[in-house]
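Could you build all of it, start to finish, from the sequences and the hints given here?
As given, the protein sequences belong to chains A and B, one line each in that order. Take the first sequence: its position 30, counted from the start at 1, is 43 in my numbering, and no numbers get skipped. Take the second sequence: its position 219, counted from the start at 1, is 1569 in my numbering, and no numbers get skipped.
Simulated from the structure, these hints should not be mistaken for lab results. Small disclaimer: the values here were computed from a predicted structure and weren't measured. Take these hints with a grain of salt, some might be off.
Unchecked claim - Here are the computed distance ranges between Cβ atoms for each label pair: (1) B/ASP1433 / A/SER26: 16 to 24 Å; (2) A/ALA67 / B/ARG1452: 33 to 41 Å; (3) B/GLN1736 / A/PRO76: 34 to 42 Å; (4) A/ASP107 / B/GLU1511: 48 to 56 Å; (5) A/THR121 / B/ALA1698: 37 to 45 Å; (6) A/GLU17 / B/ASN1429: 16 to 24 Å; (7) B/ASP1486 / A/LYS116: 50 to 58 Å; (8) B/GLN1736 / A/THR121: 52 to 60 Å; (9) B/ASN1429 / A/THR85: 37 to 45 Å; (10) A/GLU25 / B/HIS1421: 54 to 62 Å.
For each residue, glycine too, the CB sits at the ideal point set by N, CA and C.
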Amino acid sequence: MSVESQLPAGFESLERFVPQWCIGRSCDRLQARLNSTARERADFFAAAKDIAPAALEMLDRKPSSDYTVQETRLMNLCLALAHIALAVEIQGPDEDHHAASAKYIAITRSAADR
Amino acid sequence: MTIQTDTFQPVAKEDLAFVGTEPVPALPYYDPHYFDLEVEAIFRKSWLQVAHVCELPEAGSFIVRELEFAHVSILITRNRNGDLRAFHNVCTHRGTQLVQERAGKRALFSCPYHKWTFSGDGELMSAPDFERFYIDKSDCNLVELPVDTCAGMIFVHLDPEPQMGLAEFIGPLAERLNTLTVARATSFSEYTYEVAANWKLTYDNFQENYHLRFIHPRSGEAAGGESNPFGYPSHYGFHGPHRTQTIWSNPDPAVKPFQLFAFAEGVKVSIKDGLDMSNRDYFGIFPNLFLLGNAVTPFSQCIYPISVDRTRSVIRLYWVGDDDKASRRFAQEYAMATALDIHSEDRAVIEAGHRGLRSGALRHIQFQSQEVLCRHLFNEVDARVQRYRAAQREGKQHEC
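Pasting the structure below:
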């Protein structure tokens, strides 16, 4: 019996990140960033940063209303990467210090949430 | 004006001295009595931005906004003719707050207490057993507030008869505001946070770059450069009570690889949307609104006082373009998260500033020339407070 892929073909390398980083709402993506470990963030960023351009290019070919379940997961991974990239690439070792203040911020509306 | 040079010179302090050079009194930044005067002299006497037209897209749309500093709840509706109306969110029977929801769409608003029912134009349409009252229905309409728009933003005024209209209040800046993304935005992202600090301390943090390299050494790294390590603006403008700065265009910003990719996605979307990619203006609209003209991160920040030592910031990134393509959503998410990172980094130091001043240790605070916008805000605030005080002393009707 074959196990159905969680992501579109070509993006299998990101499958292991789906449970933690496939998140549907911006406010929850921020919280996931703030509640994650440096190792978890670094692993996800290292695996996803070079794949993201191809993922967005592929997803750009159709509106989100036509996404398959796998494509929706990939989109949500890309949106989580937007947060995690800032944590890893910009904040780096200062992320914990940064998170101490960011926890007071609430995302109340997001254009990226569809 | 954008200066693209590696021999940047900040605006000379001699050229900014006309705004003032003396130390500024510390007490107004934490004194409860001064705050009460600000509420009366400024926040009840100024046009206040509370919403955007895209929140009321069609007839019957409504929103509710709370202005805690005045204990006021405001109901804004779009009526059958497409006009905006603003009312105190208060039933005219016995004062019960009329609408509990923050937003929605409906033709009628019924008070939960005794079912007095009002139209979107504020007219009392029906009231059970009304014959037993001693008044006419026509005297029971909702209490209306002045409302107007500029660049897509909805402003209200708590004075039923403002001394000047919104167009006069904004003045010539309206033309520049109308070129910004906000003027034709169809959606927005929003985040909020509260700070245990006075509203002026909160506001001031966002109108000086002196602190950037110390508080934002990573997130603000691209803002400064070798010739302009503090990332000072290339220009300041003073427009009545309002002020502007033109953000320095760093010719060689330190940008990380993924950051560059994400920014490029935002640029592509912005170009597709026909946005002005050269705009680097940052607007401070009196008393409590900021707007950044940048096309990729087009944010506004409205700083609402809650009390003398508590302030709420509402940050919005306004968007145009109606497709929901992946690259657009990604660029919007990255832009929002970028702005959020910077705002979160400021929070602790703003609160530390308030704690220090509240201790009473200082009688005055110092502003250098590149903090001129902070000084300008204080000047504008204090002039209104002193006029109000004088009018109070003389027992006259306040004329701000």
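Consistency of the hints with the structure:
no.: 1; hint: B/ASP1433 / A/SER26: 16 to 24 Å; verdict: 55 Å, violated
no.: 2; hint: A/ALA67 / B/ARG1452: 33 to 41 Å; verdict: 40 Å, holds
no.: 3; hint: B/GLN1736 / A/PRO76: 34 to 42 Å; verdict: 57 Å, violated
no.: 4; hint: A/ASP107 / B/GLU1511: 48 to 56 Å; verdict: 51 Å, holds
no.: 5; hint: A/THR121 / B/ALA1698: 37 to 45 Å; verdict: 21 Å, violated
no.: 6; hint: A/GLU17 / B/ASN1429: 16 to 24 Å; verdict: 52 Å, violated
no.: 7; hint: B/ASP1486 / A/LYS116: 50 to 58 Å; verdict: 54 Å, holds
no.: 8; hint: B/GLN1736 / A/THR121: 52 to 60 Å; verdict: 37 Å, violated
no.: 9; hint: B/ASN1429 / A/THR85: 37 to 45 Å; verdict: 39 Å, holds
no.: 10; hint: A/GLU25 / B/HIS1421: 54 to 62 Å; verdict: 57 Å, holds
The structure fails to meet hints 1, 3, 5, 6, 8 from the earlier list, while all remaining hints are met.
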